[in-house]
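Chains as they are written, first to last, in the working numbering: chain F, -4 to 199; chain W, -4 to 199; chain Y, -4 to 199.
Not one of these hints is a red herring.
No distinction is drawn between identical chains; accordingly, a pair holds when it is met within one copy or between any pair of copies.
Think about it this way: if two alpha-carbon atoms lie no more than 30 Å apart in a straight line, the pair counts; the simulated BS3-like pairs of lysine-lysine are:
{"id": "1", "residue 1": "Lys144", "residue 2": "Lys85"}
{"id": "2", "residue 1": "Lys195", "residue 2": "Lys143"}
{"id": "3", "residue 1": "Lys197", "residue 2": "Lys85"}
{"id": "4", "residue 1": "Lys82", "residue 2": "Lys197"}
{"id": "5", "residue 1": "Lys143", "residue 2": "Lys105"}
{"id": "6", "residue 1": "Lys143", "residue 2": "Lys197"}
{"id": "7", "residue 1": "Lys82", "residue 2": "Lys195"}
{"id": "8", "residue 1": "Lys85", "residue 2": "Lys188"}
{"id": "9", "residue 1": "Lys85", "residue 2": "Lys195"}
{"id": "10", "residue 1": "Lys144", "residue 2": "Lys197"}
{"id": "11", "residue 1": "Lys144", "residue 2": "Lys188"}
{"id": "12", "residue 1": "Lys143", "residue 2": "Lys82"}
{"id": "13", "residue 1": "Lys144", "residue 2": "Lys82"}
{"id": "14", "residue 1": "Lys188", "residue 2": "Lys82"}
Derived from the structure by calculation, the hints contain no laboratory data. None of these values were measured; they are calculated from a predicted model.
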Amino acid sequence: MDPIYITELFGTFFFSMSGALAAAEHNEEHDWFGAGFIGFVTAIGGGSLRDILLGSYPLIWIGNVSFLYAILAGIILAGIFYNTLLKLRKTFLLFDTFGISLFTILGTEKALRFGISSEVAAIMGMFTAVMGGVVRDTLLNEIPIIFKKEIYASACLIGASAYLLLIQFGVERNICFFLSILVIVIVRVLALKFHLSLPKFKRG
Amino acid sequence: MDPIYITELFGTFFFSMSGALAAAEHNEEHDWFGAGFIGFVTAIGGGSLRDILLGSYPLIWIGNVSFLYAILAGIILAGIFYNTLLKLRKTFLLFDTFGISLFTILGTEKALRFGISSEVAAIMGMFTAVMGGVVRDTLLNEIPIIFKKEIYASACLIGASAYLLLIQFGVERNICFFLSILVIVIVRVLALKFHLSLPKFKRG
Amino acid sequence: MDPIYITELFGTFFFSMSGALAAAEHNEEHDWFGAGFIGFVTAIGGGSLRDILLGSYPLIWIGNVSFLYAILAGIILAGIFYNTLLKLRKTFLLFDTFGISLFTILGTEKALRFGISSEVAAIMGMFTAVMGGVVRDTLLNEIPIIFKKEIYASACLIGASAYLLLIQFGVERNICFFLSILVIVIVRVLALKFHLSLPKFKRG
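Okay, chain F solo, but in the shape it has when bound (with noise of 0.2 Å):
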């Protein structure tokens, strides 16, 4: 089996069990309808955008019935397991950042296939990571998470950056794409554990 389609499929899975969870810990009156829907949509919300924006179809999970499966896996599983997982915070946030990364590569790449820009390629594999959080919480009416404190899409940005850059100089692919995941992860380790942001945009 191809191991990027399986990773894919993980991804899935993790981004719809933190969905789930996220929904639950938010509002603890959701019933296991609410908290699957939000879940479902963080999922898929990130990849469904940039399908419908590069007009690719069908969308992943509308041609192949297994990613519904491990979405619906990851939500069953967070329900089940739901205060031992809240426990794995730490885990979890790890677990994100691999999920970001990854679909931020595999966004970017897909992008590339349609003939658009690398500037745009870069966009298409940062919403691909992040639209489906952006998605839950304004479901949730928080404050999307693309625009809290610690350095996030930004990341993804980046790592889209460096992978299109190491492409642009003829570097092999899977060595391009290795590396630009493990810039992602580097940049969002190091933002977490330093608590860096970005410039506020309005000087004081």
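Position chains W and Y against the provided structure of chain F, taking the given hints into account.
Relative to the frame of chain F, chains W and Y by itself:
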């Protein structure tokens, strides 16, 4: 004339009317444009999202201007008979129940024609019925209807599943259609009458 | 170079600048990424929604990277000249008025090329002009601009209708274009000057 087409037009009319009323109830300051805009997105939101996700062009209301006039009629009647209509809450709840039931099965049916899996088709049916309301509530900064207590969107999922099962068993299409609409109506009416809700996601 | 193309680029530049400024005004904690993201969606939101609804691919900013650079320029200038620009509120209101007028008619014109009815084309024109602002306000958790008091989106609808009527009467396309932009500007300026608003939907 095709009875399904007539029912769809009437459902669209009804959803725009209930959307405009909800807008005006939410905020008495809404002018005709604001309430009308909310009525409009309530009426077209679900079907448009389904068609965009499926890549089904042209969207119904873009290809056939009659839907726009049905929406306009709903908005104007809502504005003129505002006070009278608000007294008919129970009737409205009934209409809404019929509306989501019908749109769920029509949406599921349409999704099937795109050769997608039954599981995804059921989700598309549910989206058709409830996502207009979700967009309406998001624009009004309210908690989306699908997260509220009584069984609502999950009734649509149950009905869509019933439809798909009946088809699988070789039941005649028209009978599948009416039986599964009946399933949604019954589940929803029972849920309202006995305040049924799904189990909480987070256990105490 | 095509004068319309230049104007579109400039309009995109302007909308991203005003979007980034609005983000920073709304919340002083926004960093460059957050304000830039809001500027970006403000600039591309309306046109993207129109193109997705019409099934018109590729979206303009995806097919032509110049729009991305216009957006970037708008964001950077907004960040550097933040304090100066905020003092130019009146100038901004004027630019915004020209911006929505132009985008309304360009959007209507584009929709017509898809062979859709005039009524739907007018709505597409209005969407082009105002939906970027709606997405911006939704992300900022504010009441969307189109629901605010002074005539805004309805001025766009009036202008789009004027455009379609003039075409129907066989008036030369360029004249239709300029006259209908003038209609929107005049309606909007009068609405601002005399605090005109549409009648309330709910009568006391």
